[in-house]
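Undergrad: So you can see what is in the structure, the chains are spelled out below.
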Amino acid sequence: MAFDNAYEAITEDNDDVRWAFGTGFADPLAGLDTAVPDGVDGAALAAYCLALADDALVMSHRLQEWVTNAPELEEEMALANIALDLLGQARLLYTRAGQADGTARTDDEYAFGRSAASFRNVRLAELPNGDFAQDMARLLLFSTWRLALLEALTASADPVLAAIAAKGVKELAYHQDHAAQWVVRLGDGTELSRARMTRGLAEILPYAEELFTPADLDRHAAGVGVDPTTLRSPVEAALTQILTAATLDATARQPAPAPEAGLGRDGSHSEALGGLVAELQSVARADPEAVW
Amino acid sequence: MVRAREVAEAVTDPELPDLTLAELGVLREVVEQPDGRVVVSLTPTYTGCPALGMMRADLEHRLHAAGFGRVEVRAVLDPPWTTDWITESGRRKLAAAGIAPPGPAGPGARRMGPVEVRLGATRRMVACPRCGSDSTEEVSRFGATACKSLWRCRTCREPFEHVKEI
Chain S
1 MAFDNAYEAI TEDNDDVRWA FGTGFADPLA GLDTAVPDGV DGAALAAYCL ALADDALVMS
61 HRLQEWVTNA PELEEEMALA NIALDLLGQA RLLYTRAGQA DGTARTDDEY AFGRSAASFR
121 NVRLAELPNG DFAQDMARLL LFSTWRLALL EALTASADPV LAAIAAKGVK ELAYHQDHAA
181 QWVVRLGDGT ELSRARMTRG LAEILPYAEE LFTPADLDRH AAGVGVDPTT LRSPVEAALT
241 QILTAATLDA TARQPAPAPE AGLGRDGSHS EALGGLVAEL QSVARADPEA VW
Chain Z
1 MVRAREVAEA VTDPELPDLT LAELGVLREV VEQPDGRVVV SLTPTYTGCP ALGMMRADLE
61 HRLHAAGFGR VEVRAVLDPP WTTDWITESG RRKLAAAGIA PPGPAGPGAR RMGPVEVRLG
121 ATRRMVACPR CGSDSTEEVS RFGATACKSL WRCRTCREPF EHVKEI
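Top line first, the protein sequences correspond to chains S and Z.
The letter at position 240 of the first sequence is residue 240 when you use this note's numbering, and the numbering goes up by one with no holes.
The letter at position 131 of the second sequence is residue 131 when you use this note's numbering, and the numbering goes up by one with no holes.
Since the hints were derived computationally from the structure, they do not count as laboratory data.
The structure displayed is predicted, hence computed values, not measured ones.
Every residue gets a Cβ at the ideal spot worked out from N, C-alpha and C, and that includes glycine.
Careful: at least some of the hints might be erroneous.
[To be verified] Here's a subset of chain S near chain Z, in silico, CB distances under 7 Å, partners left out:
{"hint": "1", "residue": "74"}
{"hint": "2", "residue": "77"}
{"hint": "3", "residue": "163"}
{"hint": "4", "residue": "166"}
{"hint": "5", "residue": "280"}
Required output: the full structure, derived from the provided sequences and hints.
TA: Structure representation (structure tokens):
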């Protein structure tokens, strides 16, 4: 095939969606039966999907911050891959939220068109990155909790949410495994790695309590969502198993009370989220017409 | 006349260009409607895989080029894609391209229920696609694409990629 220029060659018949690899995303749920089932409150379903999407987007962003900063190239690829999985989950969940509340908002509109105060992610996800050990502690807690949550959501009254969850379960199992391997390696490692892993866990584990605390959006989404109190037992069992393998004290975990400042699910966030959202949205705000 | 199914099945994966979408197991259904419309059902591999948009575009492009004017590509999420759907010929092509094909993911590969982790030496054996040696080691669980991990052969000393069981 002969083309006059490279652009023509890659666009072939002005099929603009193909102008560069991975661009021109259409609605990721296009063609799916997206009707909200009878008996399901669309607004409650949307709010619930939005919160799960915000968790994934914010956690994905924190993981992306490790790119060019990770201790080795393979680790950088691993964290970028995990971030990409979460970004994919966020896109599907945002799209589902836009269908469920009838606004037909797109994933980009949710990600780039909302203020930090309207994010509903758990605070664990927005914590600024610490050292590598601390962030592996966070990834372990986040992925263990989200894995338990998505496993339970495969029985959701909303078949689309259930299908998104079933896909996510497979991905989260890899994320959890990756974090667990590091926690064991660092905890059962040198004196220094052990000290830093211990410190990292001490920083992160107080944020666990929020994960098991029902917010209004959980209560309104009964049947569609999962009662977060039911996740405590499987998550703690998994953490105990991993921390024991890491020769770390699994019993020393003090269940901290829910943050006095409120729940991320209710819109109470730390200052850190503002900076994250500002960076996340900077290109979209500088050029609102941009597509990618 | 060429059937829409044949055209769609011959479209290759953008990241694993030796494999067709049919061999990868992501092509669920190709239906020619009485009104001439072609409806293709496609399953994403990983949720965030950027190849999905490319697959959609490639399918539409090839079907248009084959004379099918109206093409609709639908996403199917349920049941989720598994590497068990990669066909035998797909597995042979992967190996021939130096990529170790996935082992069985199986229905019980990821049991539903309590969250548990398998730590320690329960790693699966992956044979080197170059020399066939079973003496291999995983370098990184995450590779150049979401679906692959990075391995090394202790016998021939070559690195290779492995499509992860999912």
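Undergrad: Next, verify each hint and record whether it holds.
TA: Hints versus structure:
1. 74: Since chain Z brings a Cβ to about 4 Å from residue 74/S, closer than 7 Å, the hint holds.
2. 77: Status holds, d = 5 Å.
3. 163: For residue 163/S, the interface hint holds, since the closest Cβ of chain Z sits about 4 Å away, which is under 7 Å.
4. 166: Holds, because the Cβ-Cβ distance from residue 166/S to chain Z comes to roughly 5 Å (cut-off 7 Å).
5. 280: Check failed: Cβ of residue 280/S comes no nearer than 16 Å to chain Z, outside 7 Å.
When the structure is compared with the earlier hints, a violation turns up for hint 5 alone.
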